[in-house]
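**Student:** Sequences listed follow chains A and B, in order. For the first sequence, the positions run 223 to 831 when my numbering is used. For the second sequence, the positions run 5 to 414 when my numbering is used.
Worth flagging that the hints you see were computed from the coordinates, not collected in a lab. Misleading hints may appear alongside valid ones.
[To be verified] Quick look at which bits of chain B chain A covers, simulated, 3 or more residues with Cβ under 8 Å:
(1) 78-87
(2) 167-177
(3) 323-334
(4) 337-344
(5) 367-376
Fair warning: this is a prediction, and the values are worked out from it, not measured in the lab. Backbone N, C-alpha and C define an ideal beta-carbon position, used for all residues, glycine too.
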Amino acid sequence: MVRADLSGMRSARIKVLMAVVLIAFLAITVQLYTLQVLRHDTLRRRSEQNAMRTVPVEAIRGRITDRNGVVLVGSRPAYTVGVIPAEVKDAAHLDSMVCPILEIPPGTVSAKVSQQRQSLHRPIELRRDAPFQIIAYLEEHRHELPGIVYFVESRRRYPFGILAAHLLGYVREVRESQLKQLKDEGYALGDLMGQAGVEATYERELRGEKGEEYQEVTATGRVVDSHRREPVRGMDARLSIDLALQQVAESAMDSIRRGALVALDPRTGEILALVSRPAFNPDIFSTVVPPEIWRELNDDVERPLFNRATMGTYPPGSTAKMVSAAAGLETGVLDSSTRLRPCTGGLAFGNRVYACWNKRGHGSLNVVHAIEASCNVFFYQVGERVGVDKWGTYARLLGLGQKTGIDLPGEDEGVVPSTQVYDRRFGKGKWGRGEALNVGIGQGIVLVTPVQMARYAAALATGYLVTPHLAIGFTDTNGVEHAPALRPPKPVSIQPDVLRLIRSAMVLVTEGGSGTAHRAAVPGFHVAGKTGTAQNPHGDDHSWFVGFAPVPNPTIAIAVICENAGHGSTRAAPVAGAVLRRHLLGPEQPRPKKDEEMTAGHPIAQLRN
Amino acid sequence: MATSRQQLRKYLDWPLVGAALGLVACGIVGLLSATTGTATARVSGLAGIQFLWLVLGIGVAIGAIRVPTRFWFGISYILYGISIIALVLTLAVGVSRMGAERWLAIGPFRFQTSEMGKIGLILALARYLSFHKVSVSRFRDFAVTVGLVLVPIALIHRQPDLGTALVYGSIFLPMVYWAGLANLHLLAIITPVINAVCAFAGWIPWLVFLLILVGVLFLMRPPLRWTVVIAVINLVVGIVTPAIWDRLEPFQQRRIETFFSPEKDPLGAGYQIIQSQVAIGSGGLWGKGFLEGSQTRLAYLPETHTDFIFAVLGEEFGFVGAIVIVALYVLLIWRIFRMALVANNNFASFVCIGVGSMFAFHGIINIGMTIGLAPVTGLPLLLVSYGGSSLLTNGLAIGMVLGFGVRRFE
Numbered sequence: 223m224v225r226a227d228l229s230g231m232r233s234a235r236i237k238v239l240m241a242v243v244l245i246a247f248l249a250i251t252v253q254l255y256t257l258q259v260l261r262h263d264t265l266r267r268r269s270e271q272n273a274m275r276t277v278p279v280e281a282i283r284g285r286i287t288d289r290n291g292v293v294l295v296g297s298r299p300a301y302t303v304g305v306i307p308a309e310v311k312d313a314a315h316l317d318s319m320v321c322p323i324l325e326i327p328p329g330t331v332s333a334k335v336s337q338q339r340q341s342l343h344r345p346i347e348l349r350r351d352a353p354f355q356i357i358a359y360l361e362e363h364r365h366e367l368p369g370i371v372y373f374v375e376s377r378r379r380y381p382f383g384i385l386a387a388h389l390l391g392y393v394r395e396v397r398e399s400q401l402k403q404l405k406d407e408g409y410a411l412g413d414l415m416g417q418a419g420v421e422a423t424y425e426r427e428l429r430g431e432k433g434e435e436y437q438e439v440t441a442t443g444r445v446v447d448s449h450r451r452e453p454v455r456g457m458d459a460r461l462s463i464d465l466a467l468q469q470v471a472e473s474a475m476d477s478i479r480r481g482a483l484v485a486l487d488p489r490t491g492e493i494l495a496l497v498s499r500p501a502f503n504p505d506i507f508s509t510v511v512p513p514e515i516w517r518e519l520n521d522d523v524e525r526p527l528f529n530r531a532t533m534g535t536y537p538p539g540s541t542a543k544m545v546s547a548a549a550g551l552e553t554g555v556l557d558s559s560t561r562l563r564p565c566t567g568g569l570a571f572g573n574r575v576y577a578c579w580n581k582r583g584h585g586s587l588n589v590v591h592a593i594e595a596s597c598n599v600f601f602y603q604v605g606e607r608v609g610v611d612k613w614g615t616y617a618r619l620l621g622l623g624q625k626t627g628i629d630l631p632g633e634d635e636g637v638v639p640s641t642q643v644y645d646r647r648f649g650k651g652k653w654g655r656g657e658a659l660n661v662g663i664g665q666g667i668v669l670v671t672p673v674q675m676a677r678y679a680a681a682l683a684t685g686y687l688v689t690p691h692l693a694i695g696f697t698d699t700n701g702v703e704h705a706p707a708l709r710p711p712k713p714v715s716i717q718p719d720v721l722r723l724i725r726s727a728m729v730l731v732t733e734g735g736s737g738t739a740h741r742a743a744v745p746g747f748h749v750a751g752k753t754g755t756a757q758n759p760h761g762d763d764h765s766w767f768v769g770f771a772p773v774p775n776p777t778i779a780i781a782v783i784c785e786n787a788g789h790g791s792t793r794a795a796p797v798a799g800a801v802l803r804r805h806l807l808g809p810e811q812p813r814p815k816k817d818e819e820m821t822a823g824h825p826i827a828q829l830r831n
Numbered sequence: 005m006a007t008s009r010q011q012l013r014k015y016l017d018w019p020l021v022g023a024a025l026g027l028v029a030c031g032i033v034g035l036l037s038a039t040t041g042t043a044t045a046r047v048s049g050l051a052g053i054q055f056l057w058l059v060l061g062i063g064v065a066i067g068a069i070r071v072p073t074r075f076w077f078g079i080s081y082i083l084y085g086i087s088i089i090a091l092v093l094t095l096a097v098g099v100s101r102m103g104a105e106r107w108l109a110i111g112p113f114r115f116q117t118s119e120m121g122k123i124g125l126i127l128a129l130a131r132y133l134s135f136h137k138v139s140v141s142r143f144r145d146f147a148v149t150v151g152l153v154l155v156p157i158a159l160i161h162r163q164p165d166l167g168t169a170l171v172y173g174s175i176f177l178p179m180v181y182w183a184g185l186a187n188l189h190l191l192a193i194i195t196p197v198i199n200a201v202c203a204f205a206g207w208i209p210w211l212v213f214l215l216i217l218v219g220v221l222f223l224m225r226p227p228l229r230w231t232v233v234i235a236v237i238n239l240v241v242g243i244v245t246p247a248i249w250d251r252l253e254p255f256q257q258r259r260i261e262t263f264f265s266p267e268k269d270p271l272g273a274g275y276q277i278i279q280s281q282v283a284i285g286s287g288g289l290w291g292k293g294f295l296e297g298s299q300t301r302l303a304y305l306p307e308t309h310t311d312f313i314f315a316v317l318g319e320e321f322g323f324v325g326a327i328v329i330v331a332l333y334v335l336l337i338w339r340i341f342r343m344a345l346v347a348n349n350n351f352a353s354f355v356c357i358g359v360g361s362m363f364a365f366h367g368i369i370n371i372g373m374t375i376g377l378a379p380v381t382g383l384p385l386l387l388v389s390y391g392g393s394s395l396l397t398n399g400l401a402i403g404m405v406l407g408f409g410v411r412r413f414e
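Just chain B, with the same shape it has in the complex (with noise of 0.2 Å):
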């Protein structure tokens, strides 16, 4: 079942290579943007590592091609096995920066576990729904998907990464939905979700939600058994609401209060998000040039290199530059979907939904925390942002899926 030449040739999904190395070349470039001149010691030279960190990830991606897809089941389990110990670690003797520990150090190596956690919990998420005998709609089983995902986020809950820990969620939303979890049921996740978003908004938000709530359960005219479950969630989420409030984190607490009203607050948490706005908006249609943002220069940005780099992108080049971004991350997600449609096993398939929803759940938050749309959440630009834990596993996501699009015939 070896792959040959002829067939990698012929059923590479190229756009989907041409997307993702068009997002890593805008990276680099950003990079070097981010990191001449700024005065910071601690970033110069940035550039260079990733380009070494880039040339790994390639060969990472290349060598997953190759890898039959009964690899990657078999070691489904095991690797999110690997990832739950990893993380564990990670708590008892990780690596701080930033104040957060998200570091494993391996010899010289400090890895962000996170990472490959994400790439555990696809695999062993797809393994599972894959089984012909689960089914979602069955209470049992749907049980296992939500412990599946729990534990990890629970893991790196305290760490503490939000960020981190939404992507999960936003892995195991549209895999159980690809499994077919019903409508309703999606219903009574979604909504207290949103419900306790539009609770820190505040009471009109609120009271929108409940209106828009109401006609959704009126249009869809649920049994009424299902109507009374999310009736009575939404608002036992709208009571704890406030409780988990005072239990966030300092910081988190302040990240979700500017996100709400940046202006609030302008020269504390909210400066990123202001000045990030005026970097990309200061850039126009066209951008102020190559190493020209005299956001980036003059160090008004923070983290330029990580989490803000879209803007330094977006002030730089402009309007353009940033849509050819956007449509870069369309191209890449709708590919990586696509995939699940054509993958010629079910397993291939719910691996594929789980990659392109990470890839969109960062690609959608992070763009959107730097334009003012999403909370500053510290979520990277996968494949963009500096960060070589993160190009290594998501070589490999890209490597896998572009693999079962090789063998899709076979």
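Next up, chain A with everything else stripped away, as it sits in the complex (with noise of 0.2 Å):
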């Protein structure tokens, strides 16, 4: 072939195979006009509807277990189903198809669409708790019903029922008012949120991180694909409660309509035992709650969602005359001999008689001996020298009138008396120094709550003001502990022989032939104890006992009371005494059927109450 017939050649060669380019291409650009112009507006149809939708996965909750790990609150697997609101063609015609299967309100479906305005591809919670007969039926019908979803949750569980449901608090969906501020820590509407008790406390450790489901979906809402960020498991918090002896006390509790009780260990603060009555179900928090029982249980008289332990204040009556004796001993008004005016069942002060429980009277006593006996003369007159100022300085040495800074929301710090408080309640110069005298045996106007009391039994134990607290760790999900931090225990600027005098009264008191809390007492140990008879404006007495034991060495404060329930010895003595039996003889027979209890769960357990 000779070189002009090569280039001939090519020259024409190189026009077919440009040809053949150009004609794909072209066939390219044809289909891109039929694609980007003509068929654009079915196209663009199409990717608008193509929705992606992210699915929150809840992360597990962490359990709550008491000292030794036994679960008190669990978590179990259940279906929630919710609604899409980017996904919801019309919400009246679901009203109509899902509010009766779910036995919701009529009207929900449009209700929560219509209050969600910002992320309309996150799922709302219609029904919590769905049976899966439910999950059944909306599988069969997806079709009908855009926008209506289902997904696995975890449900909190109960096993001891009403158990410790104050300190435990409960869960609770997510109220809109509190959402604004919550939105920035990643909670949505629907979302379950401690409100109550340690899970509320404690909301951020137990929480754990919600992961999140991208699915990929087709109109049909039918998830073409799906990828996943695992939730991280919310920690494990260990409480210092000892399960055991809080099913004494709660069941020592049970004869009572209201009231509290407090138990601690006064060499750490950590919490023993606490309950509050009446008590509630923790359980009906852990599904969506009917507006009539939310209702009932905060119109209730008797309010039983309020934890009396932490939040209720009363009187202490006589429990605080060990202020009155510390405060006399230390400021020079009294001494371990000192014999005030003897009682002859009240006492003359002013223009009235201001009585003594005992009408027959105690005769001339020393304090050890007015402790034991309980005489409100003598106390009158500690009270009117010591003074308002004093007295009040005395009792915030012990820890009232302040918060104890227990881990659990909502505490109330009680009043200690002072000019100034008094000033501020009658006006200056509006009070007369009878109100000494009433401060002197623990009326007037000071109030307490049984968690003050009990860590004021503590600090007459030891000598130190502990942080009453709860949670003793977090297991996170590598089962490493960790301990919370805590304030160490603040030695109380009372003298240690002060102390040591008050401490022999208060044992006299559950051994001595006068004392009140004969009930308290614990064969084989020393109990220190110290009855209330707290007169109150709403009724009957309010019925105290603080104490601790064993003495020396003491292991556990308590604190009882018992609303309008009459004499501390009859009724919260008693009821202290169980506890402290079962703390210091331990079980008095095997545990009945606590394994069972433990595993199953049972649903009797929880209807108890």
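Assembling the complex is the task here: the two chains are given apart, and the hints tell you how they should meet.
**Tutor:** Structural data, given as structure tokens:
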């Protein structure tokens, strides 16, 4: 082939090659025109129908156990039905179809859908803990119910029913009012959140971290593809509660209509048992709370949701006589042998007579026997000599009039008297010195909470103010337990001799001839205690007991109040006695059916109350 | 024979440079879009990496421009040999990615060996075909060229990468055509391929093909001998095709099936093709705007940074943007083919045809795939899709072609 031929052939063939390329690209251009211009409207609509759905994957909430690891609150999986606002075509139609099946109030779907303004691709809960039949129905009718989805969530499980309900608290859907400030922390409408008790205090630890499932869905709601960011399980919280002791405390308090009990370790502040009466079953909150039940719980005059152990404030009555004794001994008003004016059943002061509970009178007493017999006349005089301000100072030293710092929300700080407080309440100069007499026996304006009183008993027992607390460890997903940071016990600036004297008097209360709390005694141990019978404007006297045991080297401090139940020695002291006996003597007989209860989470246990 | 700076400025094919840089720029824009906010950590940051590869690729191209033609001629067989060895090594110790062993790890680098193999094949074929005693009309010579292309195809085919194997074929055919292959011989090679495709498509396309073939043969009036040869080849292919079908990898079967009827399996293998067309179509005339493509954003599109980058650009920049890319591609191919005509030696001319064909085949098949005109073969859109080995190889190829142009009057 000659060179001229070659170049001739090539100039022809380059045209053929280029023609092939151009034809191919022309075909491409035509197809592009078809897709992007002619079929644009159809395909645009199609792309708009495509939706990416992000379904949150709830983290399993951490368990709550007692100090020995027995599960007090666990989690179990449950189906939750929700609605995705962005996918709802006809909310009214869904209302009529779905509400009756889910057994939720009519109109809920459209209400919830219109409520949600952001994250329209995120499902809102309609019904928690839906039985499997409902899920099966929804799956079958998926195509008729665009926007309705279901997923597995963990639901709280309470193996011991109402046991320790107040300290455990409950989880509830995040309220709309809370949502604004919680959004940054990743909460969404319908999320469950600890709203009371340790569930609320340790929400951050228990909650874990939500995961997400990204689902590619077609217009019919069918999931085409999904990938997942796994949730991080919440930490398990170990509480200082001793289940066995708590059970004894609960059953001892069963006879009490309204009241509270706090038992703690005076050396550390670890709460061993905490009871408030009346109680509620936290299980009702683990699903959607019907409004009428919520209203009922809130409006109940007995206020079952109210944790009396930390929120209830009561006059301490005679249980505050140790404050008076300490104030008197420390300020030099008294020494261990000082005998004030003898008790004749009352004390005339100003133009009225201040009565002692014992109408026959106690006669002449020193401070130890005045505590043993709980003589009002003696402590009226101490109160008068010490004055409200000094008394208040010592009450504060022993932890009254201030929050204890317990890891439960909504603690009350109570009231401790001082000139300013009286001035503020009654007006300057409009209150008499007689107030000091009432303060001397723990009446007047003094108000305390049961947890303050348990801490107060512990302070008397050890000379240290502890911070009462429930959480003693958090176990992360790696099984490593982290101890929460704690404030160390703070020494009480009261002379050890004074405290020793008071302790010996408190032992006499349970052991001495004229002691008022023999029913709190434990054979073989010295129990220090003090009863109280607090007058109050709400009716019958409140029955108090505070104490600690064993003396010396106490391992438990306790405070019990029974509202409007009468005398401290007849109602509160026996309750405390039962708890102290269990703590010091151990189980009276092998624990009945404990294992069964634990593992099965028997419904009967939840129905108790 | 060193290239002077003045000569470089005067004879450098600026339209070709412009087309290549324009396509690479489109690629970076598309990559930014494909990797922004798609929540897949795997691809975020790829645009930056691609930019680094681009700088390297331009460096390689600039270097390649200055390399004398006889150097390429000299190393052509060696490079071919090296690429064959590399392919064998890939088969033996390759790094698997997405189920296909196409990567060879050298130290920290993973190199897609088939990319380099393309250049090796082009150079080797160019050298052999430019030898003045070789004529593709002679059976022995033709058989050598077929051997040169079949060896790498066989090695790649087992990797398995059908698309790249087809690229080798698409480089081979224009080059032997350029060497003067008779139209009749070309017909004998092409018809069985079309025959096989039509046989897959179904009875009606196959019958249509047969009718056209008969028509063409009638018009060309070839010698009886050749008529018989073409007829026999086509018959054999018709019989063998089902046998080959059975031996294909399942994913290859699926790809071929869904190519012909993507709607049949909208949630499986057809998903990509449908979503890609939805993405491009929803872009409309002007597109949804940079980073506004919902198909891309919502991860409806698969492999947006590689195989389906054209769909990203089509969605976000519309018909206008798509036409710009098509025009740049046509310009690129035209300038390379044109160089084949003006080059001052036969070897360079063949190389230009090979390189131009490679770009043409990749461009047509990749864009065609995203708009439903071609099967999903996994071929990237050269210069636009993400890929380091690919950018380096293509930089080399374009630099080589530019160099032939600069030295065309020497």
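**Student:** For each hint, tell me whether it holds in the structure or not.
**Tutor:** Hints, one by one, checked against the model:
Evaluation of the coverage hint for the region 78-87 of chain B: breached, as 0 residues show C-beta separations to chain A shorter than 8 Å, against a requirement of three. Using a Cβ-Cβ cut-off of 8 Å, 0 residues of the region 167-177 of chain B lie near chain A, which falls short of the minimum of three, so the contact claim is violated. With a threshold of 8 Å between beta carbons, the proposed coverage of the region 323-334 of chain B by chain A holds, since 6 of its residues qualify and at least three are required. For the region 337-344 of chain B, the stated coverage by chain A is satisfied: 5 residues place a CB nearer than 8 Å to a CB of that chain, which reaches the threshold of 3.
For the region 367-376 of chain B, the stated coverage by chain A holds: 6 residues have a C-beta nearer than 8 Å to a C-beta of that chain, and at least 3 were required.
The earlier numbered hints that this structure contradicts are 1 and 2.
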